[in-house]
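Undergrad: Residue strings, one per chain:
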Amino acid sequence: MTLSILGARVIDPNSGLDQVTDLHLDGGRIAAIGAAPAGFSASRTIQADGLVAAPGLVDLGVSLREPGYSRKGNIATETRAAVAGGVTSLCCPPQTKPVLDTSAVAELILDRAREAANSKVYPIGALTKGLEGEQLAELVALRDTGCVAFGNGLKEIPNNRTLARALEYAATFDLTVVFHSQDRDLAHGGLAHEGAMASFLGLPGIPETAETVALARNLLLVEQTGVRAHFTQITSARGARLIEQAQQLGLPVTADVALYQLILTDESLREFSSLYHVQPPLRTAADRDGLRAAVKSGVIQAISSHHQPHERDAKLAPFGATEPGISSVELLLPLAMTLVQDGLLDLPTLLARLSSGPAAALRLPAGELKVGGAADLVLFDPQASTVAGEQWFSRGENCPFIGHCLPGAVRYTLVDGHVCHEA
Amino acid sequence: MSLPDPAELIRQMAVDLRAHLARRAISEPRYIGIRTGGVWVAQALQEAMGDTSPMGTLDVSFYRDDFSQNGLHPQVRPSELPFEVEGQHLVLVDDVLMSGRTVRAALNELFDYGRPASVTLVCLLDLDAGELPIRPNVLGATLSLAAHERVKLTGPAPLALERQDLASASAL
Amino acid sequence: MTPLDAKRPLQLNDQGQLRHFLSLDGLPRELLTEILDTADSFLEVGARAVKKVPLLRGKTVCNVFFENSTRTRTTFELAAQRLSADVISLNVSTSSTSKGETLFDTLRNLEAMAADMFVVRHSDSGAAHFIAEHVCPDVAVINGGDGRHAHPTQGMLDMLTIRRHKGSFENLSVAIVGDILHSRVARSDMLALKALGCPDIRVVGPKTLIPIGIEQYGVKVYTDLAEGLKDVDVVIMLRLQRERMAGGLLPSEGEFYRLFGLTTARLAGAKPDAIVMHPGPINRGVEIESAVADGKHSVILNQVTYGIAVRMAVLSMAMSGQNAQRQFDQENAQ
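Residue numbers (my numbering), protein chains in the order written: chain A, 1 to 423; chain B, 1 to 172; chain C, 1 to 334.
Take the hints with a grain of salt, since some may be wrong.
Unchecked claim - Here are some chain C residues pointing at chain B (derived, C-beta under 7 Å):
1) Thr-38
2) Asp-40
3) Ser-41
4) Arg-48
5) Val-53
6) Leu-55
7) Met-317
8) Ala-324
To be verified - Simulated coverage check for chain A against chain C, where a stretch passes if three residues somewhere in it have a Cβ under 8 Å from a Cβ of chain C:
9) 190-196
10) 305-318
As the list claims (entries may be wrong) - No farther apart than 16 Å at their CA atoms in a straight line, the calculated lysine to aspartate or glutamate pairs in the EDC-like style are these:
11) Lys-52(C) - Asp-112(B)
12) Lys-51(C) - Asp-165(B)
13) Lys-51(C) - Glu-77(C)
None of these hints come from the bench; they were simulated from the model.
We put the beta carbon where it would ideally sit given N, CA and C, even for glycine.
Generate the whole structure from the sequences, applying the supplied hints.
TA: Okay, structure coming up:
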């Protein structure tokens, strides 16, 4: 299958390429950027005037809900939603049922992903068996089956010694550990950021120190064990500063932030809408500003959707009785474009945070446009807009942005040269 | 058509009321005014009758029959009856009698206080637009208005009648 | 980006009248005053031989209590009955696995059985908002207490108590003492006092029981009871629950009583004609000395009487507001 994309503004953050030119794809790979190779004849041509062509987005946090949570979604529906958002590679977390702590589960996921033929899926395996925080999972076997990193979800490993040993083991094999930093006891019972808003609403609070205490502990253990570490879903400005300090010390530490944390604050909780119930929680405007600054400077090099689809019942209850999570992977590009619209980032930097940045963090073969590389790309119109929810592929409709008019519209998403989404 | 002077009417009503009470052999009635206009008329009437007994005021907001349509009146005030209703002869006073529903509500409310010996209804004006079989025992004057007209009592001193046109901007 | 669901206030109809009573947040001073004035009229009704008025005759009021409470439920029942309404009371125990489902289905079923009004008490903050917004927008929802968030009828009856004993709020000094952190009564009281113009609102307690950012309510924080009570006109004592000791928030009831208990000696620092209030039930010897609870400053029992009148006012006003909205919608549909 040969494809030519003509006249797009091609942006590849990795190489610094940013120019209006042509792309020629052959057999699932990028055959040429610029002039077509000799003897090349395209079986399909896309006229891409006015469009931007970028590496397909790489989303490090997409819950596919399979195996085990079919009411919330499955690999077919959620990867379809992902390509609609411009995502060609994604990482799914280990909180499945059964937990992703055996090769069999990893194989199941990868098989389903291949069948669905939407985004490429790179599973994150469980660090401990059952995510219980006690026994190590078989990390190497999981790696060999296709897991690209390991984490324990939001379930903290309470015993520091167990954690240290797990990190040492992972370091032995140069495996990346993904850290969610939230101290179990400080966060106990909490539903919202412990601040003026939660006090006003009478919601039990999760103090900032729940994140920073765990972060500090994790960073010190990373330093001790030398493990490659990726810190996911930072929520506080202070947390971002701790990451920055660790990076300045030369620690191999990367970080991502959920896109909605860069947009929303705990003010959204005012009417008790369960659409804004997330874990870890939305924090203050000052935290949001701190996170935005860290994204701009590159301390946080990846923006992820932290996609968590839910069935209607899970959100149809008083706030404290609902399940946390926002379904938003299919809005990743247009929602992220609001950061460009706000003047925080220029387009190439935004695309870096959405593609090359996340790919580099977990060492994924993704996030760049280069000759000979996989033809994973997204073509979007930066001048058009997306009315969120007009079309919806995810099983989960729990998205507070539905109905909003967002800047930018994905026109084509290609995975291995195959058009998986077209609008 | 010009509106009558309330003070004039009340002078005549006092005469009529004295006669009515005498016929019924009622010697020490208690006066109750229905808020707001009825209270002013009751005060003036009581003065004209030379009666200094404590006067009651009745707010019928909780007994109206139009709650489902119009809801609760925004300015409810407590009723105040500084005497026993049980076994008492009452003179119930309202300013303008129109459909009769206000009087119906007032009667219902009074009976929740106790069982009066009798109720004499006194009205300043009757607009002859009754929707219920309620007639005053003592009346100041009958007035016929066009469908779009209303009349309002202002007070407490001096008492005056004002014509209002619902068709004009000041309606309701 | 503002949430799209930030539209007109949930509690008010298009004419600004009450249609749900969920929290005192955002209600204009005039409306709060109207509630107090209407409650005054209902107090008069309560002093008659026949304590009923026919206002809600033929209407069905459902008390749905997901959290146990005899006293609040009883006063709401009495209030509804005195308005001549038919009353149903349900005590629904929540099971942790199916909490949300039970709530939604329970209320939908009751609505289908033609309930005209719900009074709801629930242990989750925001439960009343959830019900008013998602379950029954056209049936008046009265919040009988949701988690730590709000207890608006208690707030209003406390205001009625203060108004009847002190006149106006203009020059008043009010101290709220105890477990502010977990108290929905405290939050409603603070909002009401601020809206009604009270210039000196104080909260008194140990740091562990004072929520972060409480100053946004326009209150001053005191951690010393003597200072907090100095020259106040009103003292509102809050109940201290046993669980607070287990949670590591306090060492013991004894230490709490020594530091924050309202004794005759401590009360002497307040104004000589200060009144003492408590939402009840009182823990004698934990937050308040028996002598004070039963003494001449205490208006605790009066609060109960005022509570029925306030609830009658709120029930009738909310029903009125729903009716008015229905009228309005019908007229506009033509």
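Undergrad: Each hint: holds or not?
TA: Each hint tested on the structure:
1. Interface restraint check for Thr-38(C): the shortest CB-CB distance to chain B comes to about 5 Å, inside 7 Å, so the restraint holds.
2. Restraint check, Asp-40(C) versus chain B: the minimum CB separation of about 6 Å is within 7 Å; hint holds.
3. Against a cut-off of 7 Å between C-beta atoms, the interface hint on Ser-41(C) holds, since the closest Cβ of chain B lies about 4 Å away.
4. The beta carbon of Arg-48(C) comes within 6 Å of a beta carbon in chain B, closer than 7 Å, and the hint placing it at the interface holds.
5. With a least beta-carbon distance of about 4 Å to chain B, the hint placing Val-53(C) at the interface is held under the 7 Å criterion.
6. Interface restraint check: Leu-55(C) against chain B, minimum CB-CB distance 5 Å, threshold 7 Å, status holds.
7. The beta carbon of Met-317(C) is positioned within 7 Å of a beta carbon in chain B (closest approach about 6 Å), and the interface hint is therefore held.
8. Checking Ala-324(C) against chain B: minimum C-beta separation of about 5 Å stays under 7 Å; hint holds.
9. Only residues whose C-beta sits within less than 8 Å of a C-beta in chain C count toward coverage, and the stretch 190-196 of chain A has 3 of them, enough to reach three; the restraint holds.
10. Judged by the Cβ-Cβ criterion of 8 Å, the stretch 305-318 of chain A is covered by chain C as claimed, because 5 of its residues qualify and three suffice.
11. Straight-line distance between C-alpha atoms of Lys-52(C) and Asp-112(B) comes to about 8 Å, which keeps the hinted pair within the 16 Å bound.
12. For a cut-off of 16 Å, the pair hint linking Lys-51(C) to Asp-165(B) is broken: about 40 Å separates their Cα positions.
13. Annotation: proposed proximity of Lys-51(C) to Glu-77(C) holds, straight-line Cα distance about 14 Å (limit 16 Å).
Of the numbered hints given earlier, the model fails hint 12 alone.
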